[in-house]
Amino acid sequence: EAGVTQSPTHLIKTRGQQATLRCSPISGHTSVYWYQQALGLGLQFLLWYDEGEERNRGNFPPRFSGRQFPNYSSELNVNALELEDSALYLCASPRDRGIAGGMHEQFFGPGTRLTVL
Amino acid sequence: LAKTTQPISMDSYEGQEVNITCSHNNIATNDYITWYQQFPSQGPRFIIQGYKTKVTNEVASLFIPADRKSSTLSLPRVSLSDTAVYYCLVGENAGNNRKLIWGLGTSLAVNP
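From first to last, the protein sequence lines are chains P and G. The numbering of the first sequence is this note's numbering, which starts it at 334 and goes up by one. The numbering of the second sequence is this note's numbering, which starts it at 797 and goes up by one.
Accuracy of the hints is not assured; some may be wrong.
Unchecked claim - Cβ pair distances, simulated, as ranges: (1) G:D807 - P:L450: 32 to 40 Å; (2) P:K346 - G:S805: 29 to 37 Å; (3) P:E415 - G:K850: 43 to 51 Å; (4) P:L450 - G:T852: 44 to 52 Å; (5) P:P403 - G:P836: 20 to 28 Å; (6) G:I804 - P:T448: 21 to 29 Å; (7) P:P403 - G:P908: 34 to 42 Å; (8) G:L900 - P:H343: 44 to 52 Å.
These are calculated hints, taken from the structure and not from any lab test. Glycine residues also receive a C-beta, built at the ideal position from the N, C-alpha and C atoms.
If we strip away everything but chain P, and leave its shape as in the complex, we get (with noise of 0.2 Å):
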């Protein structure tokens, strides 16, 4: 089966500007997580969506939003860029419910590699 899939690869933006991160969920899966990696730091949760809605939401300005679409693929989108939103933005597929109260095994994407001038 595919994995997960993320695009694009790199982002160049100016500060201002609104980036738009995509991604795509092993197929069948209806979860997706974004989180933000900044270099040489430990993952932020970001979001998480499932069936199509908005779960749950990391510690973020409302200017970091996203949904997911009706195919469970998902869109980061990021408003008004600053310096400090260079990062790594990795999406996440569980590989299923998990046993009960464990944490899901997810699978990453490749990263897309955001850099705010």
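For chain P, the structure is supplied; the task is to place chain G on it using the hints.
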């Protein structure tokens, strides 16, 4: 919020066994322990998950003592391709992933 503490970096040589220990003093009853591996400019890859005692799969073993306040990822006979960052996570219910704190991980360097 459960928080993990890992060594920032470790060095090893090909063929050796590597043990990376993670401390999680505030682990909750329902929390599981999960380890991921990440190569530069790639997404993390799931390695192993456990709740207590010992778990083993084809790539690693995970040792969890009775008090569950720490865990040790064991990589047998590492090779150069095991050079990566390893993350320890504790938590439950991935739907509330904002409760999962990804630290800086442990940067493992395997030398020839």
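- Provide an ascending list of the numbers of those earlier hints which the structure does not satisfy. Violated: hints 5, 7, 8.
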